[in-house]
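> The lines below spell out each chain.
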Amino acid sequence: DAKTTQPPSMDCAEGRAANLPCNHSTISGNEYVYWYRQIHSQGPQYIIHGLKNNETNEMASLIITEDRKSSTLILPHATLRDTAVYYCIVRVGTSGSRLTFGEGTQLTVNP
Amino acid sequence: DAGVIQSPRHEVTEMGQEVTLRCKPISGHNSLFWYRQTMMRGLELLIYFNNNVPIDDSGMPEDRFSAKMPNASFSTLKIQPSEPRDSAVYFCASSLNRGGNQPQHFGDGTRLSIL
Numbered sequence: 050d051a052k053t054t055q056p057p058s059m060d061c062a063e064g065r066a067a068n069l070p071c072n073h074s075t076i077s078g079n080e081y082v083y084w085y086r087q088i089h090s091q092g093p094q095y096i097i098h099g100l101k102n103n104e105t106n107e108m109a110s111l112i113i114t115e116d117r118k119s120s121t122l123i124l125p126h127a128t129l130r131d132t133a134v135y136y137c138i139v140r141v142g143t144s145g146s147r148l149t150f151g152e153g154t155q156l157t158v159n160p
Numbered sequence: 003d004a005g006v007i008q009s010p011r012h013e014v015t016e017m018g019q020e021v022t023l024r025c026k027p028i029s030g031h032n033s034l035f036w037y038r039q040t041m042m043r044g045l046e047l048l049i050y051f052n053n054n055v056p057i058d059d060s061g062m063p064e065d066r067f068s069a070k071m072p073n074a075s076f077s078t079l080k081i082q083p084s085e086p087r088d089s090a091v092y093f094c095a096s097s098l099n100r101g102g103n104q105p106q107h108f109g110d111g112t113r114l115s116i117l
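Just so you know, the protein sequences line up as chains A and B, in that order.
Heads up: the first sequence at position 32 corresponds to 81 in my numbering, and the numbers run straight through without jumps.
Heads up: the second sequence at position 70 corresponds to 72 in my numbering, and the numbers run straight through without jumps.
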């Protein structure tokens, strides 16, 4: 699986959009970009994933650059409960392929 | 909808004792994963089942660890004998395997402390 690079920490004001970047310059054509988050003492929570096109669901939006070498996770209106470690993972889209978690980004939403 | 259910949530036991962790995957999911999380090594995959059959156990640390999936709704991870270095949070995850590209959904984990 391709390696990802994320900033170790970010801050965001409550109610504002949180934009979390991820670099994956060695991504292959059959690899998807997944985002998970982990709130302290809980299991990782799936947020969103995509291959080429931008994706949106009830939690977030995922913007993938045209060359697919980087992506941004957008939380449109961050709340205090969004404070967590966010993991960007590149994963081959085949059955059972493992999720390789890196260091992630510690997002702190401030009141 | 019920998510992945793990038990116990916390386990404290003495070195040398047998430890059994349990997992109930999301109904209808046919892939199940066991992960371990420590400060030093982060989250690492231990073993993966598909349709109750172990597919990849390359992450199982050693023979003291074993995992079973007797049916589609239940899996166990056993450590015998346990050692202090096994202390970690153990997560179970499940997904629907229908050609890949399905997200894994995690339980809240079992926090294991071996004294």
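Hints may contain errors.
If you want the ones that stay clear, here's a sample from chain B, every Cβ over 12 Å from chain A, calculated [unchecked claim]:
1. Gln8
2. Pro10
3. Arg11
4. Met17
5. Arg24
6. Glu46
7. His107
Facing chain B, a subset of chain A residues (Cβ under 8 Å, in silico) [stated by the list, open to error]:
8. Met59
9. Cys61
10. Arg65
11. Phe150
Sample of chain A residues with no beta-carbon within 10 Å of chain B, all distances over it, derived [to be verified]:
12. Pro57
13. Ser58
14. Pro70
15. Gly78
16. Ser90
17. Asn103
18. Thr105
19. His126
20. Thr128
21. Gly151
22. Gln155
23. Thr157
24. Pro160
Because the hints were derived from the structure by calculation, they are not lab data.
All C-beta atoms, glycine included, are put in the ideal place defined by N, C-alpha and C.
> Does each hint hold? Answer for all of them.
We went through each hint and held it up to the structure:
{"no.": "1", "hint": "Gln8", "result": "8 Å, violated"}
{"no.": "2", "hint": "Pro10", "result": "15 Å, holds"}
{"no.": "3", "hint": "Arg11", "result": "10 Å, violated"}
{"no.": "4", "hint": "Met17", "result": "24 Å, holds"}
{"no.": "5", "hint": "Arg24", "result": "15 Å, holds"}
{"no.": "6", "hint": "Glu46", "result": "8 Å, violated"}
{"no.": "7", "hint": "His107", "result": "6 Å, violated"}
{"no.": "8", "hint": "Met59", "result": "19 Å, violated"}
{"no.": "9", "hint": "Cys61", "result": "24 Å, violated"}
{"no.": "10", "hint": "Arg65", "result": "27 Å, violated"}
{"no.": "11", "hint": "Phe150", "result": "4 Å, holds"}
{"no.": "12", "hint": "Pro57", "result": "13 Å, holds"}
{"no.": "13", "hint": "Ser58", "result": "16 Å, holds"}
{"no.": "14", "hint": "Pro70", "result": "20 Å, holds"}
{"no.": "15", "hint": "Gly78", "result": "14 Å, holds"}
{"no.": "16", "hint": "Ser90", "result": "8 Å, violated"}
{"no.": "17", "hint": "Asn103", "result": "17 Å, holds"}
{"no.": "18", "hint": "Thr105", "result": "15 Å, holds"}
{"no.": "19", "hint": "His126", "result": "23 Å, holds"}
{"no.": "20", "hint": "Thr128", "result": "21 Å, holds"}
{"no.": "21", "hint": "Gly151", "result": "8 Å, violated"}
{"no.": "22", "hint": "Gln155", "result": "14 Å, holds"}
{"no.": "23", "hint": "Thr157", "result": "19 Å, holds"}
{"no.": "24", "hint": "Pro160", "result": "26 Å, holds"}
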